[in-house]
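First to last, the sequence lines map onto chains A and B. The opening residue of the first sequence carries number 1 in UniProt numbering; numbering runs sequentially from there. The opening residue of the second sequence carries number 1 in UniProt numbering; numbering runs sequentially from there.
Be careful, since some hints might not be right.
For each label pair, taking beta carbons as the anchor points, the in silico distance ranges come out as [what the hints assert, rightly or not]: (1) 205(B) <-> 37(A): 43 to 49 Å; (2) 384(B) <-> 2(A): 47 to 53 Å; (3) 66(B) <-> 29(A): 35 to 41 Å; (4) 36(A) <-> 22(B): 44 to 50 Å; (5) 328(B) <-> 4(A): 32 to 38 Å; (6) 154(B) <-> 36(A): 51 to 57 Å; (7) 29(A) <-> 328(B): 50 to 56 Å; (8) 85(A) <-> 312(B): 31 to 37 Å; (9) 4(A) <-> 401(B): 36 to 42 Å.
Pulled a few chain A residues facing chain B out of the computed Cβ check, cut under 8 Å [to be verified]: (10) 3; (11) 4; (12) 6; (13) 39; (14) 42.
Partial list, computed: chain B residues near chain A (C-beta under 7 Å) [said to hold, decoys possible]: (15) 122; (16) 123; (17) 127; (18) 254; (19) 279; (20) 299; (21) 411.
These are computed hints drawn from the structure, not numbers from a lab. Values in this document were obtained by computation on a predicted structure and should not be read as measured data. Backbone N, C-alpha and C define an ideal beta-carbon position, used for all residues, glycine too.
In case you want the letters, here they are:
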Amino acid sequence: MRITCPYCGPRDVAEFTYLGDGTLRRPDPAAPGAAAAFHDYVYLRDNPAGRHTELWYHAGGCRSWLRAVRDTRTHAFESVALATDSVPSEQAQ
Amino acid sequence: MRFSVLSLAREALTGHRGWTPTWRDAAPRDAYDVVIIGGGGHGLATAYYLAKEFGIRNVAVLEKGWIGGGNVGRNTTIIRSNYLLPGNEPFYEQAMKLWEGLEQDFNYNAMVSQRGVLNLYHSDAQRDAYARRGNAMRLNGVDSELLDRDGVRAMAPFLTFDDARFPIQGGLLQRRGGTARHDAVAWGYARGASDRGVDIVQHCEVTGFLREAGRVVGVETTRGTIRAGKIGMAVAGHSSRVAGMAGLRLPIESHVLQAFVSEGIKPLIPGVITFGAGHFYISQSDKGGLVFGGDIDGYNSYAQRGNLAVVEDVCEGGMALMPMIGRLRLLRSWGGIMDMSMDGSPIIDRTPVDGLYLNAGWCYGGFKATPASGFCFAHLLARDEPHPVAAAFRLDRFASGHLIDEKGAGAQPNLH
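This is chain A alone, in the form it adopts within the complex (with noise of 0.2 Å):
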């Protein structure tokens, strides 16, 4: 498996770090039912059988924070970009 990396082209898996799903927000602690947000926020996961939106850290090239899609299914990906310049928009403040 290879990972396109915007900045540092197709690189071999071993050079990245796996998170894990990228779609998943910090909930705000001071709002109200804050205990049961954060419960899901840090255990429930979609682990969805397709289409998964996931975070990389490209650790041995530019050290940047990477969020992909890929099919879990086949492992082939469909996007790669910056973390920071593709926040999901269905959750984008």
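On the provided structure of chain A, position chain B as indicated by the hints.
Frame of chain A, contents of chain B only:
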């Protein structure tokens, strides 16, 4: 189908034309008392113990492919009960006790071989941690021995004891641990369940749940609608997908774990040996192949195949431990999909949906747990209360803070 010396001799002399199916491949009926989704080791064991121990025989096991074709056919067949935490150790010891009597219990040769599981340590700190784990095991009545370097050398003289970075200082040995024959486990449970009236329905994929007044009362499948009093999910690897059909989100990510078999060689590895400085575990099958594995690939996957970076990492671990295996060729490798839970421990519990029960989150320790998982899940389904040794495996422990984090890695499933 029963086997005996007499039947073997008869069939050998008559061209093996008289064998009949070991268990009954059933067509689904309209309704059952209990429907179990998933015809793997855990699902079949659940059906077996429901019928045998709890007297519930109007049961169907629904399998989307063929039984034993999922993770019970994609593991390294290791059995052990060398856990640290109180929520885990009694459960895995229950599994070990069931393994020890399994072949007599279901009258099928599961090739349970208690050849020992040896975890190597490579530093003073790791020795202390292993001593603590060994003591925790003993407090739960489980055998454990802390070996020094000479003790390990007597068992496995071929290891690299003087590696510059990770010299072997000793090991924690559980002599009652070992291996079992994975296919025979599935088939033994299938035959025992089938003989007691359980319907094993293959090529029957669940596509949805039937709901009435908030309760699940059946499943929609590729072979029609099947109603059920209770429904148990035992689909580790795909738990999130099936639970999603009932509107549940689980504290689980699916990850791929690879394993490997070498070409067959003469007897070499005395039991199961694990490398403490990396993640590598190895045993030798009765056919002579070295069976080994390491870490999961570390990213969400349903692909049942992994990547070369992890193949290289696993083989590096093996080479560090026993460089002679570099001369062997790999015969085959495979990937299985693991339910990686958020604390590295499983879930056997009711769900917030009435009538739906969950057996999930086995990470990559599901095979060794098979008998106790089936027994405890059957107990929960039959009596609506958890078996005492599985009482900690609650779904709500993530909300209540009662995590069972054996590795102390936190809510990062790819690190467990």
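These are the hints, each one checked on the structure:
no. : hint                         : verdict
1   : 205(B) <-> 37(A): 43 to 49 Å : 34 Å, violated
2   : 384(B) <-> 2(A): 47 to 53 Å  : 50 Å, holds
3   : 66(B) <-> 29(A): 35 to 41 Å  : 49 Å, violated
4   : 36(A) <-> 22(B): 44 to 50 Å  : 49 Å, holds
5   : 328(B) <-> 4(A): 32 to 38 Å  : 35 Å, holds
6   : 154(B) <-> 36(A): 51 to 57 Å : 56 Å, holds
7   : 29(A) <-> 328(B): 50 to 56 Å : 55 Å, holds
8   : 85(A) <-> 312(B): 31 to 37 Å : 32 Å, holds
9   : 4(A) <-> 401(B): 36 to 42 Å  : 41 Å, holds
10  : 3                            : 10 Å, violated
11  : 4                            : 15 Å, violated
12  : 6                            : 19 Å, violated
13  : 39                           : 5 Å, holds
14  : 42                           : 5 Å, holds
15  : 122                          : 23 Å, violated
16  : 123                          : 25 Å, violated
17  : 127                          : 30 Å, violated
18  : 254                          : 6 Å, holds
19  : 279                          : 15 Å, violated
20  : 299                          : 5 Å, holds
21  : 411                          : 5 Å, holds
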